[in-house]
Amino acid sequence: MNGSAAGRPTAHVGAEHADGFARIFGVETEYGVSVTGAKHPVDPGQVAMTMFRPVVSRSRSTNTYLVNGSRLYLDVGSHPEYATAEAVNPMDALAQDLAGEHVMRRLGLEAQARLRESTGEGTHVHLFKNNVDSAGHSFGCHENYLLRRQVPLSAIETELIPFLVTRVLFTGAGRFTGEDGVPDGFEITQRADFLDDAISSSTTRSRPMVNTRDEPHADSDLFRRLHVIVGDSNRSQTATWMKLAVTHLVLCAIEEAYRAGAPSGFEEFALADPSEAIRTVSRDRTGRARFALASGETSCALDVQRRYLALVSAFVAEHDELFADAGLPGSESAEGLRSAGAAETEAGEAVAYPAGLSRQDVSRALTLWAEALDAVESGEWRKLASWVDWAAKLQLIEALRRRDPSVDDARLRQIDMDYHDIVNGTVYERLVRAGMMQTMIDEAGVRHAVEHAPANTRAALRGEFVRRVLEGDYQWSCDWTHVAVTSPVRLEAELLDPFSSTPTPAYTTVLKAL
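For reference, each letter of the sequence shown is one residue, going 8 to 521 in this note's numbering.
If you're looking for bench data, these hints aren't it; they were derived computationally from the structure. In this text, a Cβ means the ideal position worked out from N, Cα and C, and glycines have one as well. Be aware that one or more of the hints could be misleading.
[Claimed, not checked] Here are the simulated distance ranges between beta carbons:
(1) 519 <-> 219: 37 to 45 Å
(2) 227 <-> 113: 35 to 43 Å
(3) 454 <-> 520: 27 to 35 Å
(4) 496 <-> 377: 54 to 62 Å
Please model the complete structure; the sequences and the hints are all you need to start from.
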């Protein structure tokens with residue numbers, strides 16, 4: 008068995024990536040469901056099952072995979088859920104997340120048409136890409152990052168959690184609670200009141216910020232899957248991209264520190280009580296409210312984020328060779344879904360940047376990060392309303408209050424929910440049409456992502472398999488690491504390397520049989 012430069016056996020699947028900074032990204036989004044205008048009460052579970060009728064007729068299950076490599080399923084509590092295909096850069100992950108909105112919107116509209124046959128033409132299905140329903144039930148948006156195995160979980164708690172807690176200054180979706188003692192009755196993140204622990208293996212009884220369930224969907228000797236639960240569901244495309252891109256850079260700096268056997272510098276902000284800290288940050292849009300650190304000292308969201316920004320900027324400057332030159336298809340254009348991490352050669356082959364981002368995209372991420380902190384610190388948070396969800400939403404609420412000082416809390420909650428409604432909502436779409444909300448991928452790009460998996464991950468193989476089996480009369484199954492035909496022949500292939508879109512011999516055999 009040959010050894011790698013680091014003494015690691017090359018027989019490990021994906022070993023060529025184990026000592027680098029390439030990463031796999033994924034986003035899982037649970038959607039809330041409700042119905043208004045029906046002639047009689049309609050249970051959300053009935054709506055969800057109506058939505059999934061075409062899925063069941065096609066796949067014989069409410070848990071299936073799509074031609075773009077993503078997973079579509081009905082989760083616990085009748086929450087439709089969409090998990091994006093594997094992506095090697097934040098822009099492809101964003102495109103796949105938007106493809107999920109497109110798929111869910113289509114299913115919601117089809118369910119609405121069916122329900123109107125029995126519940127009246129006034130029936131409206133609402134599908135919310137948010138994290139709290141009107142009854143106060145919480146559901147999640149989970150980020151997934153492939154992480155090198157040598158980074159221990161203790162480092163996630165002490166070095167990453169402080170960043171995740173305080174990044175809500177620019178990633179929070181915002182929520183009108185009407186709660187006394189909270190400025191304007193408005194919090195900047197939807198998840199703060201529903202998180203109990205920093206890290207744990209649970210997701211329901213006790214919600215952690217990071218789930219430790221060890222399912223890497225890759226070679227477990229080399230990688231772990233970092234399952235981040237603390238984030239909000241974002242409507243803003245830029246906020247989603249920033250959430251992924253900046254977290255990725257923080258993880259790169261942490262991984263490099265553990266390779267070098269040196270402190271990252273992030274550990275100085277280890278939190279005494281992460282749940283209490285995020286509730287403090289959520290209720291204070293100045294970024295200056297103090298919370299306790301594990302050291303016994305106190306800090307605030309702005310100080311923590313400034314320090315992370317400085318350390319990440321230093322990491323980027325020291326590793327300039329990891330980032331390709333600007334001028335390639337990049338994040339300034341929605342064309343082709345290749346920005347932020349993958350270009351194409353003249354032959355059309357996908358090429359992944361060593362650290363998943365181009366110089367142009369790193370510069371954009373660091374600039375937006377600094378601008379967000381400056382805006383919060385100066386009290387000019389309205390400058391962020393074109394890409395930060397909570398700022399856009401709060402600015403709308405302020406405008407409504409100016410026009411109608413007597414507006415009640417019920418109306419404000421309605422606007423809050425409408426912002427997140429991807430089927431019948433109008434608030435967010437009006438902001439986009441008016442040029443008041445930035446976008447990074449246009450409708451053509453989203454439609455492309457609905458039909459195509461990222462070309463440079465194993466999702467391309469899974470997507471092609473699904474496309475082929477749906478064209479014929481086959482019984483089949485697949486998951487993140489396997490594809491299988493069970494009838495009329497029985498064949499299976501393992502796809503363990505998430506970075507590889509090259510067919511394995513077993514995969515080729517399966518497709519030839521089809």
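| said: For each hint given before, does the structure comply? Return the numbers of the non-compliant ones in rising order. | reply: Every hint satisfied by this model.
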